[in-house]
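Novice: Here are the chains, one letter per residue:
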Amino acid sequence: MNIDLLFKIAAIGILVAVLHQVLVRAGREDQAMMTTLAGIVIVLTMVIKEISTLFNTVRTIFNL
Amino acid sequence: MDIIKIIGIGLVSLILIIIIKQYKPEFAIYVSLISGILILSLIIDKLTSVIALLESISNKVSINNNFLGILLKITGIAFLSEFAVSICNDSGESAIASKIEIGSKIIIITLSIPIISNLLEIIINILP
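As they're listed, the protein sequences go chains E and A.
Under my numbering, the first residue of the first sequence carries the number 190, and numbering increases by one thereafter.
Under my numbering, the first residue of the second sequence carries the number 1286, and numbering increases by one thereafter.
Same shape as in the complex, but just chain E (with noise of 0.2 Å):
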């Protein structure tokens, strides 16, 4: 649970938006559109395991 995270997931948008632009200049929005499902289903992985840890911390806390 430290910022590097924050950055990864910021790095991981930026790049998806570098190659949709690549992949739209070249021609094919497919797979422009495939990137971009891709890196969302990879942030959301990457976030849903944290809301978790977060539910659970405060579940135990809060003895929900």
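Keep in mind that the hints are not guaranteed to be accurate.
As the list claims (entries may be wrong) - Quick list of in silico lysine-lysine cross-link-like pairs, DSBU-like style, CA-CA up to 30 Å: (1) K197/E / K1358/A; (2) K1331/A / K197/E; (3) K1306/A / K1290/A; (4) K238/E / K1345/A; (5) K1358/A / K238/E; (6) K197/E / K1306/A; (7) K197/E / K1290/A; (8) K238/E / K1309/A.
Because the hints were derived from the structure by calculation, they are not lab data.
Use these hints to put chain A onto chain E, whose structure you have.
Specialist: Below, chain A alone, put in the same frame as chain E:
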């Protein structure tokens, strides 16, 4: 000292969100989510000491403990629902935010029914 960490995380994620929002707005929500989680995890460590203090006081004063348990549950629910509501409002989905808010309010009311009934009994006993 921790306040500097919290402000630092907030400002850094703000800058990252501004950069990413122009190219890929979907990732801006993820960055705000992750910065929210980081800040909340910093805060939670402090909350445990406060809760331990509350429990020790309630044991000494011998208030019946299930009220404190209910109060802790209510603060936990408020804590989490405020996190979700602010994320939804940020991304412009105020309808979802109000649904979450209504849900959390109803859950809190149902949780606090024993306290209310206890209070009413006390009042009834006092009245002549």
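Novice: Of the numbered hints stated previously, which ones are contradicted by the structure, given in increasing order?
Specialist: Violated hints (numbers, rising): 1, 4; every other hint is consistent with the structure.
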